[in-house]
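Below, each chain spelled out in residue letters.
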Amino acid sequence: MHESGPIYVGIDLGTTNSSAAVFDGEQVTPVRNATGTALTPSLVRIDGSGRISVGHRARKFLAHDPDSVRGEFKRLMGTRKGLTVASNTRRPEELAAELLRALRRDIETQVGVAPDRAVITVPALFELPQIAATREAARLAGFTEVEMLQEPVASALAAGFRADHSHGHWLVYDLGGGTFDVSLLAARDGFVDVVGHDGDNFLGGRDLDWALVQWACEQIEREHGVVLSRANSAHTPILGKLKRALEDAKIELSQVSEASVVCPDLIPHPDGARHLELQITQADLEAICEPVFARTVDVCQRLLAANRVRANEVERLVLVGGPAAMPALKKYIEKALGIELARGYDPMTLVARGAALFAASANLDARPKAPAPASAHRLWLRHPAVSADLKPHVVGRVMRADEQGAPTQIKLSRNDNNWESAWVSLNQEAGFIVGVELIARRSNIFTIAAKDEAGNPVVVDPPTLTIVQGMSLSDPPLSRRIGIALASDRVQVYFDRGEPLPARRTFRHHTVETVARGSDTCLLKIPIVQGEFDRAHLCRLVGTLEIPGTGLKTTVPAGSAVDVTLELDRGGNLTARALLADSDQVFDEVAHLLVPEASVDVLEATYQRSGNRLQELRKAAFRHHQDGDFRQRVETVARGLDGVGRDIEAARGGDDDAGLKARRMLLELDAQLEDLDAEIQWPALLEEAKWKLAWAAHWQQKYGSEHEQRLFNDASMAASKARERRDAVELERQVGLAYDLGFNAFVRDPQAWPSLFEQAAAAVDNARDLPAAHALVADGRDALAREDRRSLERVVRKLWNILPATHKQRRQAFESGLR
Amino acid sequence: MATPPPTPGLRKLVRNPFFILGLTPEASRAQIEREGQKLLSMLQVGFGEASHYHTPLGPQRRTAEMVRHAMAELRDPSRRLCHEVWAAYCPPPDDCAKPVGSHTPDQPDPWEGAFASFGWRMS
Ligand SMILES: Nc1ncnc2c1ncn2[C@@H]1O[C@H](COP(=O)(O)OP(=O)(O)OP(=O)(O)O)[C@@H](O)[C@H]1O
Ligand SMILES: [Mg+2]
Chain A
159 MHESGPIYVG IDLGTTNSSA AVFDGEQVTP VRNATGTALT PSLVRIDGSG RISVGHRARK
219 FLAHDPDSVR GEFKRLMGTR KGLTVASNTR RPEELAAELL RALRRDIETQ VGVAPDRAVI
279 TVPALFELPQ IAATREAARL AGFTEVEMLQ EPVASALAAG FRADHSHGHW LVYDLGGGTF
339 DVSLLAARDG FVDVVGHDGD NFLGGRDLDW ALVQWACEQI EREHGVVLSR ANSAHTPILG
399 KLKRALEDAK IELSQVSEAS VVCPDLIPHP DGARHLELQI TQADLEAICE PVFARTVDVC
459 QRLLAANRVR ANEVERLVLV GGPAAMPALK KYIEKALGIE LARGYDPMTL VARGAALFAA
519 SANLDARPKA PAPASAHRLW LRHPAVSADL KPHVVGRVMR ADEQGAPTQI KLSRNDNNWE
579 SAWVSLNQEA GFIVGVELIA RRSNIFTIAA KDEAGNPVVV DPPTLTIVQG MSLSDPPLSR
639 RIGIALASDR VQVYFDRGEP LPARRTFRHH TVETVARGSD TCLLKIPIVQ GEFDRAHLCR
699 LVGTLEIPGT GLKTTVPAGS AVDVTLELDR GGNLTARALL ADSDQVFDEV AHLLVPEASV
759 DVLEATYQRS GNRLQELRKA AFRHHQDGDF RQRVETVARG LDGVGRDIEA ARGGDDDAGL
819 KARRMLLELD AQLEDLDAEI QWPALLEEAK WKLAWAAHWQ QKYGSEHEQR LFNDASMAAS
879 KARERRDAVE LERQVGLAYD LGFNAFVRDP QAWPSLFEQA AAAVDNARDL PAAHALVADG
939 RDALAREDRR SLERVVRKLW NILPATHKQR RQAFESGLR
Chain B
65 MATPPPTPGL RKLVRNPFFI LGLTPEASRA QIEREGQKLL SMLQVGFGEA SHYHTPLGPQ
125 RRTAEMVRHA MAELRDPSRR LCHEVWAAYC PPPDDCAKPV GSHTPDQPDP WEGAFASFGW
185 RMS
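Here the protein sequences line up with chains A and B, keeping their order.
In terms of the numbering used here, the first sequence is residues 159 to 977.
In terms of the numbering used here, the second sequence is residues 65 to 187.
Pulled out of the complex, with its shape left as it was, chain A reads as follows:
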């Protein structure tokens, strides 16, 4: 059946379960594994002699040989962590590759072709290193080309594809084993736009299981007087067993109203091991799970509010993922959000289905490419592979058009013989544009006919093209801001949240110190960070572009221009490139595209530091008579820190995932502490703002153009609004803008550059590159004597470039060598 048309493959690589689906242009079919089900447990077993089994087969060993089985590796993707399975050590992406290899085999069994190309889904909030690791896993599994797609976007595509005339907003709520994603989409005229998404990388069915464990431990303590703790590594196997039993009970409770948990000899007791027997009811489950459910609802509400959409404007609410089967969850969500659930979707395979549909829109035919006949003339074709538009354009170009017998005219005909284009002559660039007509909701195959100058038919490659008519998805937006950390601890933003992908941007920076050619101690670091903060140290370091002295053709003096280009593809895959403008050398090795490791000791130290800061803040709040709201926020941070403390304990007991979670939480709490600090500093900030505005207003009045003055007024107005709202970030931004305008006017004063020069010259001994700095000062004195203001300005700007940022700022900014 598949010999004629293309096949598109989608894979949902889940924390707990994985699945695949294929799309043939008409229908999406889930792929069955050897046990006949569409779900493959994300488990890999490696035995003593290195033999590997995956999925259901691996699962069988969980009970009696748990050390040989490993799951939840998705959570550790992109870390350096080696995972020990029996006596073997594997990186997370190697284990994921085993799983992908098994799915690839299942697909081959079902459709008769081992796929080369596929779309693999990742959580929307996956960071760059995690995406890169997933891509690596696919490569290891034998895929030659993959695209990444965000899970919620995939579910939405599957839920909406071919939905008739849907208009309005949809909320796709995906609670998985370990991650929570929610997306807001808008459907209009057959187009789906991702309006926004949000989520929590550390929230999932797993948290329900741990909540159940906590509950069970309380019962055990009450009944048997035994305290089980996640911090105690001797208890790890017991708690693991208990968690599995409770998870089974949780799943059972999706069908029945009461379940029992029985674990023989589970509880260690001085008088000998005791059995565990517990009854758990729907009502118990609801009560235990509610805090987790509530957290997901908070995220949904945050997303709706951020996009100014009211709950009653949401037309469809689609639940995805394992916990979506829980009656308690469905009830809670419907009630809390006040939106009725959309029925009729399989929450477990929706993501894979969407991925397969997306593979079609990305034109990723999974079949190995057939060699073209030697006589064929190559065409370079571009067209949407999936189109909501019934009349899209096909654009093409003939390669090597000057060859003997090359085509000069092209015609497209639809394979149902009911539509064909006219013969279209190629333009001067050997190109053509043909508007085609599609049959709705079908896979439309077009045959390409060609004639040469003499009117003889010409064989072209490819001979056909396919366009699927259906829901089309606009470019997926970026979920986190990406930029470069500067030596001043600021961030140069390259891509903002919500930016359509793919995207590419270049900014010019300058080096802050000299990197000597051939030196193996000199290294220029360009840290790439991800996160919403303006201060680099609050963002996450996701990669570093390194320019080593040993790789240089010439020494790069401080203040040299470096053009850095960052590029993101549709799946959020990042490439980075630095061009040294003067020597024309290009560097594109990104070192350590890794999630920084969360060693327990480092976490502990950071935790202590945050704790101390919190104490300071409490005292300051008292001194400065801060209001109740402020104190409340301090206490929220305190509660967050308590949670971190528990996670660090669990990390000590061997739970790596808890360590990662603690790292993330600490960063977020740090940012909150910073905000609270800023609030304490508010009066000083206001004072500075007033001074700056007054200065800028003075120079604007004197030298500003009409338009500049208008901009200046806008900025000071916005600053005053920010002051009313006590929005420190916005205030700084607007005052900065006004100040820049003031500065622009100020430098029109004849005395401006001379005085700026004197200031810079006075600080010259701090420059990293002293000889260069002194030479510049000498140049400046010359220019001053000649009254050459232009040269003087150039000198001053160069001096600014080589005067240093402080050491502290640089260290915080991941040792960035750029400004």
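Think of the hints as simulated: they come from the structure by calculation, not from any bench.
You may find that some hints are simply not true.
Said to hold, decoys possible - Distance condition first, Cα-Cα at most 25 Å in a straight line; then the derived SDA-like pairs of lysine to any residue:
| hint | chain 1 | residue 1 | chain 2 | residue 2 |
| --- | --- | --- | --- | --- |
| 1 | A | Lys569 | B | Gly110 |
| 2 | A | Lys569 | B | Gly112 |
| 3 | A | Lys527 | A | Pro188 |
| 4 | A | Lys569 | A | Asn614 |
| 5 | A | Lys399 | A | Pro426 |
| 6 | A | Lys401 | A | Asp429 |
| 7 | A | Lys549 | B | Thr88 |
| 8 | A | Lys549 | B | Thr127 |
| 9 | A | Lys549 | B | Glu137 |
| 10 | A | Lys879 | B | Ser142 |
Chain A is fixed; fit chain B with the ligands onto it per the hints.
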């Protein structure tokens, strides 16, 4: 040769998504997607005629990234409204709003009155 956008303020004008896509503010969502899709295809196969677009301040260079950005801007109803106002307030000469394929890209035709109508001073 394309005229460089003179100042950040004017850049907003010459980067108007309607100009980039060569459409008028009345264009429907379907037209925007179709035209955007076509331009992206043309840019990918390297058609010279897609590489510039017309603005009141003369032709500007067009890149695939700008096209995608323009499409994203016009998908958001509130942002689209804002661009409509700008594009309508300061329409390019009539013959510029035609889709690509109907004009020669390198004939510079800056709209004389544009600067003045914005209270801009030419330095
Ligand atoms: N019938 C059920 N009732 C309740 N919970 C279930 C049911 N089936 C699975 N689960 C729970 O769902 C979770 C797994 O969900 P799912 O398979 O959607 O996750 P995943 O896709 O692997 O994870 P992620 O999307 O985070 O990578 C587990 O916590 C599991 O206990
Ligand atoms: Mg999932």
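Flag every earlier hint the structure violates by its number, smallest first. none
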